[in-house]
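Student: Straight run, no breaks: the sequence shown in our numbering ends on number 105.
Keep in mind that the hints were calculated from the coordinates and are not lab data.
Nothing here was measured: the structure is a model prediction, and the numbers come from that model.
Each residue gets a CB set at the ideal place from its N, CA and C atoms; glycine is no exception.
Check the hints yourself; a few may be wrong.
[To be verified] If you anchor each label on the Cβ, the simulated ranges turn out as follows: (1) Asn84 with Lys29: 20 to 26 Å; (2) Asn76 with Thr13: 24 to 30 Å; (3) Ser70 with Cys103: 15 to 21 Å; (4) Ile102 with Glu80: 29 to 35 Å; (5) Ser78 with Cys103: 26 to 32 Å; (6) Lys87 with Ser41: 29 to 35 Å; (7) Glu58 with Ala88: 16 to 22 Å; (8) Glu80 with Cys103: 29 to 35 Å; (9) Lys87 with Thr43: 18 to 24 Å.
[Said to hold, decoys possible] No more than 20 Å apart at the CA atoms, straight line, and that leaves these computed lysine to any residue pairs for SDA-like: (10) Lys29 with Cys5; (11) Lys71 with Asn95; (12) Lys72 with Arg51; (13) Lys79 with Ser67; (14) Lys87 with Ser59; (15) Lys83 with Ile102; (16) Lys35 with Lys71; (17) Lys72 with Arg37; (18) Lys29 with Lys72; (19) Lys35 with Phe101; (20) Lys79 with Thr32; (21) Lys72 with Ile4; (22) Lys72 with Asn16; (23) Lys79 with Ile4; (24) Lys83 with Thr43; (25) Lys83 with Ser70; (26) Lys83 with Gly25; (27) Lys35 with Gly49; (28) Lys71 with Lys29.
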Amino acid sequence: RLDICGFFRFLGTLENIRNVDQTLGPPSKYLTLKKSRVTNSITKEKSGGYRLYFIVSESQNQVILSSIYSKKAVQNYSKEEIKNVFKATHLDIQNQQLIPFICSD
1 RLDICGFFRF LGTLENIRNV DQTLGPPSKY LTLKKSRVTN SITKEKSGGY RLYFIVSESQ
61 NQVILSSIYS KKAVQNYSKE EIKNVFKATH LDIQNQQLIP FICSD
């Protein structure tokens with residue numbers, strides 16, 4: 001949790017988050033699908049870190065976490081797995097079933 005919060009705090013602004021790492025699929029004026037690596041603060045290695053998939057909601061100016069996994073546990077998601085992750089998140093958005101992820105100081 002601290003590593004994810006640190007990642008977003010380091011980026012600081014929604015504009016910086018929009019421009020981070022890799023965009024998956026064509027950009028949309030409503031949602032941008034993103035993938036990034038987050039360093040594990042214990043091991044200090046990206047290879048021992050996390051892969052983070054998230055959505056930037058342009059209409060609501062918010063970031064929605066879709067999936068996070070350890071690079072040691074899973075090498076990479078397949079294209080089909082990535083599609084499924086974002087489809088499930090999109091359904092959660094539509095059904096208003098998102099759970100807030102709050103970084104406290």
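Student: Does Lys71 pair with Asn95 here, judged by a C-alpha cut-off of 20 Å?
Tutor: violated, 30 Å
Student: Can the suggested window of 24 to 30 Å be confirmed for the beta-carbon pair Asn76 and Thr13?
Tutor: Check passed, 29 Å falls within 24 to 30 Å.
Student: Are Lys72 and Arg51 close enough, with their CA atoms no more than 20 Å apart?
Tutor: Between Lys72 and Arg51 the Cα gap is close to 10 Å, so the pair holds against 20 Å.
Student: Hinted pair, alpha-carbon criterion (20 Å max): Lys83, Gly25. Please report holds or violated.
Tutor: holds, 10 Å
Student: Given the hint of 29 to 35 Å, is the C-beta distance from Lys87 to Ser41 inside that range or not?
Tutor: holds, 31 Å
Student: Is 16 to 22 Å a correct range for the gap between the Cβ atoms of Glu58 and Ala88?
Tutor: holds, 20 Å
Student: Given the hint that Lys35 pairs with Gly49, does the C-alpha gap stay at or below 20 Å?
Tutor: holds, 13 Å
Student: Taking only the CA atoms, is the gap from Lys72 to Arg37 under or equal to 20 Å?
Tutor: holds, 13 Å
Student: Against the 20 Å threshold, does the CA-CA distance of Lys83 and Thr43 hold or violate the hint?
Tutor: violated, 30 Å
Student: How does the Cβ-Cβ distance of Ile102 and Glu80 compare with 29 to 35 Å: does it lie in that range?
Tutor: holds, 31 Å
Student: Please work out if Lys72 and Ile4 have their alpha carbons no farther apart than 20 Å.
Tutor: holds, 17 Å
Student: Given the hint that Lys29 pairs with Cys5, does the C-alpha gap stay at or below 20 Å?
Tutor: Not satisfied, since the Cα-Cα distance of roughly 26 Å exceeds 20 Å.
In summary, the structure is inconsistent with hints 9, 10, 11, 15, 18, 22, 23, 24, 28 from the numbered list given earlier, while agreeing with the others.
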